[in-house]
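As given, the protein sequences belong to chains P and D, one line each in that order.
Residue numbers for the first sequence follow this note's numbering, so the first one is 498 and each next one is one higher.
Residue numbers for the second sequence follow this note's numbering, so the first one is 498 and each next one is one higher.
Be careful, since some hints might not be right.
Identical copies go unnamed one by one, so any copy, or any two together, can satisfy a pair.
Below, computed lysine-lysine pairings styled on DSS-like, alpha-carbon distance capped at 25 Å [what the hints assert, rightly or not]:
| id | residue 1 | residue 2 |
| --- | --- | --- |
| 1 | K824 | K770 |
| 2 | K824 | K754 |
| 3 | K640 | K754 |
| 4 | K806 | K761 |
| 5 | K750 | K824 |
| 6 | K770 | K795 |
| 7 | K761 | K824 |
| 8 | K601 | K795 |
| 9 | K770 | K754 |
| 10 | K806 | K824 |
| 11 | K750 | K795 |
| 12 | K577 | K750 |
| 13 | K754 | K577 |
| 14 | K754 | K620 |
| 15 | K640 | K601 |
| 16 | K640 | K795 |
| 17 | K770 | K640 |
These aren't lab readings, by the way, just hints derived from the structure by calculation.
Protein chains: 2
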Amino acid sequence: RYLHFCKLPGRVMGIRLLRFTSVVIIVLLLVAGALTALLPTIKDDKMPHLRREAKPQGQSALDSFTLIMQTYNRTDLLLKLLNHYQAIPHLHKVIVVWNNIGEKIPEEMWNSLGPHPVPVVFKVQTVNRMRNRLQNFPELETKAVLMMDDDTLVSAHDLAFAFSVWQQFPEHIVGFVPRKHISTPSGVYSYGSFELQNPGFGNGDQYSMVLIGAAFFHSGYLEDFQRQPEAVYALIDETQNCDDIAMNFLVAKHTGKPSGVFVKPVDIRNLEKDTNSGYSGMWHRAEHLLQRSYCVNKLVNIYDGMPLKYSNIMISQFGFPNYANHKNKM
Amino acid sequence: RYLHFCKLPGRVMGIRLLRFTSVVIIVLLLVAGALTALLPTIKDDKMPHLRREAKPQGQSALDSFTLIMQTYNRTDLLLKLLNHYQAIPHLHKVIVVWNNIGEKIPEEMWNSLGPHPVPVVFKVQTVNRMRNRLQNFPELETKAVLMMDDDTLVSAHDLAFAFSVWQQFPEHIVGFVPRKHISTPSGVYSYGSFELQNPGFGNGDQYSMVLIGAAFFHSGYLEDFQRQPEAVYALIDETQNCDDIAMNFLVAKHTGKPSGVFVKPVDIRNLEKDTNSGYSGMWHRAEHLLQRSYCVNKLVNIYDGMPLKYSNIMISQFGFPNYANHKNKM
Chain P
498 RYLHFCKLPG
508 RVMGIRLLRF
518 TSVVIIVLLL
528 VAGALTALLP
538 TIKDDKMPHL
548 RREAKPQGQS
558 ALDSFTLIMQ
568 TYNRTDLLLK
578 LLNHYQAIPH
588 LHKVIVVWNN
598 IGEKIPEEMW
608 NSLGPHPVPV
618 VFKVQTVNRM
628 RNRLQNFPEL
638 ETKAVLMMDD
648 DTLVSAHDLA
658 FAFSVWQQFP
668 EHIVGFVPRK
678 HISTPSGVYS
688 YGSFELQNPG
698 FGNGDQYSMV
708 LIGAAFFHSG
718 YLEDFQRQPE
728 AVYALIDETQ
738 NCDDIAMNFL
748 VAKHTGKPSG
758 VFVKPVDIRN
768 LEKDTNSGYS
778 GMWHRAEHLL
788 QRSYCVNKLV
798 NIYDGMPLKY
808 SNIMISQFGF
818 PNYANHKNKM
Chain D
498 RYLHFCKLPG
508 RVMGIRLLRF
518 TSVVIIVLLL
528 VAGALTALLP
538 TIKDDKMPHL
548 RREAKPQGQS
558 ALDSFTLIMQ
568 TYNRTDLLLK
578 LLNHYQAIPH
588 LHKVIVVWNN
598 IGEKIPEEMW
608 NSLGPHPVPV
618 VFKVQTVNRM
628 RNRLQNFPEL
638 ETKAVLMMDD
648 DTLVSAHDLA
658 FAFSVWQQFP
668 EHIVGFVPRK
678 HISTPSGVYS
688 YGSFELQNPG
698 FGNGDQYSMV
708 LIGAAFFHSG
718 YLEDFQRQPE
728 AVYALIDETQ
738 NCDDIAMNFL
748 VAKHTGKPSG
758 VFVKPVDIRN
768 LEKDTNSGYS
778 GMWHRAEHLL
788 QRSYCVNKLV
798 NIYDGMPLKY
808 SNIMISQFGF
818 PNYANHKNKM
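Using the sequences and the hints given, assemble the complete structure.
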């Protein structure tokens with residue numbers, strides 16, 4: 498009883514102490530939380546390898562996009578294009594995939610010419626691979642990716658419009674370069690563009706792919722790409738080609754619909770002739786198109802079927818650039 | 498016990514009788530079902546007031562559409578257009594809304610010039626109303642409606658393509674004639690086309706309506722139209738106008754999105770100059786456009802808000818009529 502009596506004040510005191518301690522801890526947590534919210538953001542251009550933040554600062558993750566541009570042996574074009582692309586409306590950040598192995602990134606020069614409208618991150622690569630641009634970069638904070646080849650100039654008007662179209666078709670690759678496959682009686686597929694026979698579904702042509710070298714797509718597809726059969730990576734590495742065809746297969750399989758939505762560009766230009774390096778791009782190789790047909794057939798084997806679907810929808814911007822571009826004889 | 502014993506054979510016999518009767522009934526039902534499936538279909542053109550069938554014969558309810566064409570004082574144009582429209586791919590049936598009050602339908606002549614590719618139903622009206630074409634006709638069996646003015650000629654290519662677009666956007670009005678409203682600082686709305694100021698959402702123009710006089714839409718919207726506030730019918734009757742604006746309000750409210758999807762027509766013509774009747778259509782009335790602005794404002798009152806939303810998506814057919822109509826300088 499004596500013990501019990503002695504424990505009583507102890508227990509009462511213990512409870513009061515417990516309450517007091519709890520209150521103190523809660524207050525400390527609140528203070529800590531408030532302080533965390535007030536911390537300044539870490540500048541991306543000082544830290545090329547940024548850990549993933551929960552939400553992009555400034556623009557919302559849904560209303561902005563990240564430009565991913567892979568570059569090899571055309572730094573002069575890259576810098577020219579960066580001056581253009583860094584000012585595109587709704588751009589959140591630029592990720593430059595630096596395939597110039599062993600060469601220093603132009604970071605000093607870039608910073609000396611600041612400030613820049615958006616952060617630009619240079620991702621140094623260890624091997625010059627075509628599929629380097631399809632990594633799931635931790636710096637990527639937006640739902641939308643804009644992927645551009647380092648020799649392709651698309652006008653800001655086209656990009657702003659295509660981004661708005663992507664927002665209405667977020668599960669598709671929305672871009673400016675349509676391509677198609679056709680099947681032949683032998684069952685062997687061929688890859689090509691308008692010069693190839695129409696697939697024969699009604700009149701007009703069809704496309705079954707939209708190339709990712711000038712397109713918007715959902716960043717989730719970069720995650721998906723990391724989970725593909727090894728044979729896909731081997732194929733892309735073997736050909737140094739076809740990563741875009743593989744992405745179209747991936748998207749078509751995922752949606753069960755045509756992978757892409759084609760937006761007809763008003764102003765799209767290839768600047769490769771302008772480069773000092775003289776490097777003129779993979780698609781000039783003699784075997785380039787044959788390789789792509791080869792890739793289509795290999796991917797059908799790997800995925801055990803042809804998931805690509807045809808579309809003939811061509812989207813343009815109503816009333817732009819000609820304010821009556823929809824007028825008719827009526 | 499005696500009773501029980503006596504009931505036994507009776508019960509056994511009763512059960513056997515019950516089983517036998519059940520078997521007979523089931524066999525009879527199966528035979529009846531088989532016979533029903535073998536019955537010939539009732540020809541629509543002999544019975545202008547057909548009761549609703551469960552499924553259209555021939556083409557599936559999803560893969561075909563019903564043309565609804567209202568006509569007043571332009572029977573020559575009507576018949577010219579019918580020769581064209583009756584042969585459109587995927588057409589299931591034509592419903593002619595006969596606004597020529599007191600005048601006989603040209604049924605004899607029509608039948609004498611048979612056979613026809615699809616059934617054509619003449620719906621005799623008692624009052625010449627603009628909104629007669631928006632009834633929920635029992636003859637309507639397809640999910641899709643194509644509504645055409647009786648002086649508008651759209652090519653089969655355009656219609657086939659627009660139908661395929663509608664199938665991808667079934668909750669929208671998919672058609673060839675875009676219009677818009679604009680708001681003014683006073684809060685009063687104006688109705689118009691490209692000649693009107695752009696609404697100011699980025700560059701280029703926007704549309705917020707697609708007129709139903711040359712468009713595909715879901716037949717369910719005809720059902721919905723029967724359930725609108727009385728004031729809507731009064732407005733349409735008062736102006737003999739604006740039924741199409743009312744439909745766009747209805748669809749926009751229903752979807753929360755832009756009501757229409759504009760398909761740029763390759764070949765659309767107005768034939769009103771060709772009519773022998775000299776009747777030139779309601780839109781030539783001096784007050785026509787002012788009426789439509791008036792209707793927009795009235796409908797905003799009736800629906801207590803502006804449900805119309807803007808779009809700048811313009812859809813064309815890839816590779817048609819020019820097989821490289823998507824080619825660019827790249």
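Tested hints:
1. K824 to K770: Between copies only: 19 Å across, 37 Å inside.
2. K824 to K754: between (32 Å within a copy, 24 Å between copies)
3. K640 to K754: Answer is both; intra-copy 20 Å and inter-copy 22 Å each pass.
4. K806 to K761: Cα proximity of K806 and K761: in one copy and across copies (19 Å, 23 Å).
5. K750 to K824: neither (38 Å within a copy, 27 Å between copies)
6. K770 to K795: neither (32 Å within a copy, 59 Å between copies)
7. K761 to K824: both (18 Å within a copy, 9 Å between copies)
8. K601 to K795: neither (36 Å within a copy, 66 Å between copies)
9. K770 to K754: Result: close neither inside a copy nor across copies, 37 Å intra and 44 Å inter.
10. K806 to K824: between (32 Å within a copy, 21 Å between copies)
11. K750 to K795: Intra 15 Å, inter 48 Å, cutoff 25 Å: intra-copy only.
12. K577 to K750: For K577 and K750, neither the intra-copy (37 Å) nor the inter-copy (47 Å) Cα distance is at most 25 Å.
13. K754 to K577: Answer is neither: 37 Å inside a copy and 39 Å across each miss the 25 Å cutoff.
14. K754 to K620: For K754 and K620, neither the intra-copy (33 Å) nor the inter-copy (40 Å) Cα distance is at most 25 Å.
15. K640 to K601: For K640 and K601, neither the intra-copy (30 Å) nor the inter-copy (62 Å) Cα distance is at most 25 Å.
16. K640 to K795: Neither: 30 Å inside a chain and 41 Å across chains, both beyond 25 Å.
17. K770 to K640: For K770 and K640, the Cα distance exceeds 25 Å both inside one copy (33 Å) and across copies (53 Å).
Comparing the model with each numbered hint stated earlier shows that hints 5, 6, 8, 9, 12, 13, 14, 15, 16 and 17 do not hold.
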